[in-house]
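There are 2 protein chains.
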Amino acid sequence: MKLTKDTNILIVGLGLLGGSYAMALTKKGYRVNALTRSQSSIDYALEQGIIAEGKTGVDPKMIGEADLIVFSIYPRVLIEWMEENHSLIRPGTILTDVTGVKGYTVYRVQELLPEGAEFISAHPMAGRECLGVKNATDEIFKNANYLVVPTESNTEEAITLCEELGRELGFARISRISVDKHDEMIAFLSQLTHAIAVTLMCCNDSPELVNYTGDSFRDLTRIAKIDDGMWNELFMCNRDELSRQMDIFSETFEKMRRALKEGDTTTMRQMMRTSTERRKLFDKPKNNEQ
Amino acid sequence: MKLTKDTNILIVGLGLLGGSYAMALTKKGYRVNALTRSQSSIDYALEQGIIAEGKTGVDPKMIGEADLIVFSIYPRVLIEWMEENHSLIRPGTILTDVTGVKGYTVYRVQELLPEGAEFISAHPMAGRECLGVKNATDEIFKNANYLVVPTESNTEEAITLCEELGRELGFARISRISVDKHDEMIAFLSQLTHAIAVTLMCCNDSPELVNYTGDSFRDLTRIAKIDDGMWNELFMCNRDELSRQMDIFSETFEKMRRALKEGDTTTMRQMMRTSTERRKLFDKPKNNEQ
Chain A
483 MKLTKDTNIL
493 IVGLGLLGGS
503 YAMALTKKGY
513 RVNALTRSQS
523 SIDYALEQGI
533 IAEGKTGVDP
543 KMIGEADLIV
553 FSIYPRVLIE
563 WMEENHSLIR
573 PGTILTDVTG
583 VKGYTVYRVQ
593 ELLPEGAEFI
603 SAHPMAGREC
613 LGVKNATDEI
623 FKNANYLVVP
633 TESNTEEAIT
643 LCEELGRELG
653 FARISRISVD
663 KHDEMIAFLS
673 QLTHAIAVTL
683 MCCNDSPELV
693 NYTGDSFRDL
703 TRIAKIDDGM
713 WNELFMCNRD
723 ELSRQMDIFS
733 ETFEKMRRAL
743 KEGDTTTMRQ
753 MMRTSTERRK
763 LFDKPKNNEQ
Chain B
483 MKLTKDTNIL
493 IVGLGLLGGS
503 YAMALTKKGY
513 RVNALTRSQS
523 SIDYALEQGI
533 IAEGKTGVDP
543 KMIGEADLIV
553 FSIYPRVLIE
563 WMEENHSLIR
573 PGTILTDVTG
583 VKGYTVYRVQ
593 ELLPEGAEFI
603 SAHPMAGREC
613 LGVKNATDEI
623 FKNANYLVVP
633 TESNTEEAIT
643 LCEELGRELG
653 FARISRISVD
663 KHDEMIAFLS
673 QLTHAIAVTL
683 MCCNDSPELV
693 NYTGDSFRDL
703 TRIAKIDDGM
713 WNELFMCNRD
723 ELSRQMDIFS
733 ETFEKMRRAL
743 KEGDTTTMRQ
753 MMRTSTERRK
763 LFDKPKNNEQ
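Residue numbers (this note's numbering), protein chains in the order written: chain A, 483 to 772; chain B, 483 to 772.
Source of the hints: derived by calculation from the structure; they are not laboratory data. You may find that some hints are simply not true.
Note that the list lumps identical chains together, so a pair holds whenever it fits in one copy or between two copies.
Unchecked claim - Only pairs whose alpha carbons sit at most 20 Å apart, straight line, appear in this in silico SDA-like list of lysine to any residue:
1) 663 <-> 599
2) 707 <-> 739
3) 737 <-> 714
4) 737 <-> 549
Please model the complete structure; the sequences and the hints are all you need to start from.
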């Protein structure tokens with residue numbers, strides 16, 4: 483299968499990411515349908531013209547007619563959905579997802595596939611601090627990374643299709659990564675950073691903080707407004723790897739804490755210089771940057 | 483003394499902050515002179531029209547003629563400057579600063595004042611990731627906090643003048659805070675956040691990170707490009723308070739780490755909800771926000 487303007491795309495879960503996918507793909511001329519829990523999300527998406535048709539719950543006809551299904555739902559919900567509805571999927575259908583943890587989901591979903599269908603996992607590294615289809619926008623894909631996470635059971639054809647989907651959505655960089663490497667990276671880059679931001683907010687309950695704060699604290703805690711249902715699930719579904727990354731962070735933080743207490747400015751300055759050198763690699767031009 | 487357009491202002495240290503002060507105050511119609519180490523900084527500031535006159539090193543006439551002196555130099559350099567040059571300061575002069583640590587500097591500077599001069603300390607909570615007068619801009623004061631940090635030896639007149647200076651510079655919020663409270667807050671809001679950002683960058687040396695990273699890691703490490711000379715000095719000059727804040731952070735992080743390892747989702751979700759509630763208080767309208 484190749485991605486063409488005749489490809490019938492079904493989004494399962496019309497939230498922030500699902501809605502942003504729908505918006506980007508409809509703009510590109512694809513036919514996009516959606517299944518989601520709430521009628522108001524469907525009504526909004528129809529009003530905005532970002533989906534062709536939408537249904538609440540499960541619609542066997544819509545599922546059977548889809549060439550490409552994109553799951554934009556929680557990891558556990560994805561597995562439950564597949565357990566209940568796998569028989570409705572037509573052979574030849576390609577399935578993908580947006581899930582932030584892979585080891586927990588990919589193998590189980592692949593086990594549940596009907597003959598001739600293929601699940602190729604992806605992780606679009608884009609988001610906002612707000613949820614729901616009403617906050618959807620394809621702007622979040624610009625300058626963002628899109629990871630394709632194949633397993634041994636994936637075909638080159640499906641992997642290429644998934645990469646093409648990332649390009650059509652407008653992502654800046656598209657990479658392939660293994661399931662294990664993905665979960666390690668994501669534990670470090672995303673889950674650990676959220677754990678740190680939440681920890682920072684839990685350290686101090688002074689209501690005056692807001693009067694004194696500068697941009698550094700604001701930046702470090704932007705992601706501290708967190709959907710506790712979703713993030714608890716992401717943490718628990720990647721528990722071993724996140725624990726390992728938290729251990730590494732604790733040890734490294736302890737090294738700096740000890741250096742400060744002992745007045746070991748050589749170690750402190752060395753860490754600061756290492757940090758500065760490494761962080762320079764991350765600078766990238768952004769549309770809205772001066 | 484009141485701040486009027488006849489007030490003769492002297493900036494000591496024409497870097498990013500000193501230059502931004504010079505720009506904002508010159509635009510408002512004040513006469514601004516500058517003393518700094520490098521002739522090229524003075525040449526640039528004269529070319530840009532953000533200072534009236536500038537000299538390298540120490541200029542007794544310029545110091546003697548100043549009504550208001552703003553120190554925009556490192557904490558230890560400020561104390562050395564006062565030790566060497568206090569006799570050049572005319573009685574009646576008001577002095578202020580931009581230093582990020584207060585207990586270490588304020589009392590010592592106040593001891594060194596000549597009769598009739600007054601030092602009222604301030605901390606403009608504004609900055610950029612880049613240094614030097616060539617990156618100066620009064621834009622950094624918009625939406626930022628300006629802290630006035632009086633001691634018992636300050637007069638209400640000087641405190642009011644310092645607050646007026648913050649308003650003239652264009653700060654969004656101006657607050658008074660005690661020296662101890664300042665150093666505690668700054669240890670938490672600024673120094674701890676820099677320690678965390680540096681630690682994060684020191685945890686992982688994979689050159690591939692940049693291909694996989696999302697905005698959360700970028701945000702948490704924006705401040706990880708750090709001038710190790712300046713920050714080592716800020717850390718060491720506020721060592722006790724920063725150590726205490728690092729201890730609190732470590733304990734709170736350990737609480738989350740334990741909850742994850744034990745599968746105690748109640749504690750994890752409670753921390754996430756506390757974080758979300760507290761962080762909501764920090765949202766503020768910004769000029770460039772959607």
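Evaluation of the provided hints:
no.	hint	result
1	663 <-> 599	neither (25 Å within a copy, 63 Å between copies)
2	707 <-> 739	between (27 Å within a copy, 19 Å between copies)
3	737 <-> 714	between (29 Å within a copy, 15 Å between copies)
4	737 <-> 549	neither (53 Å within a copy, 46 Å between copies)
Hint compliance for this structure: hints 1 and 4 are broken, all remaining hints hold.
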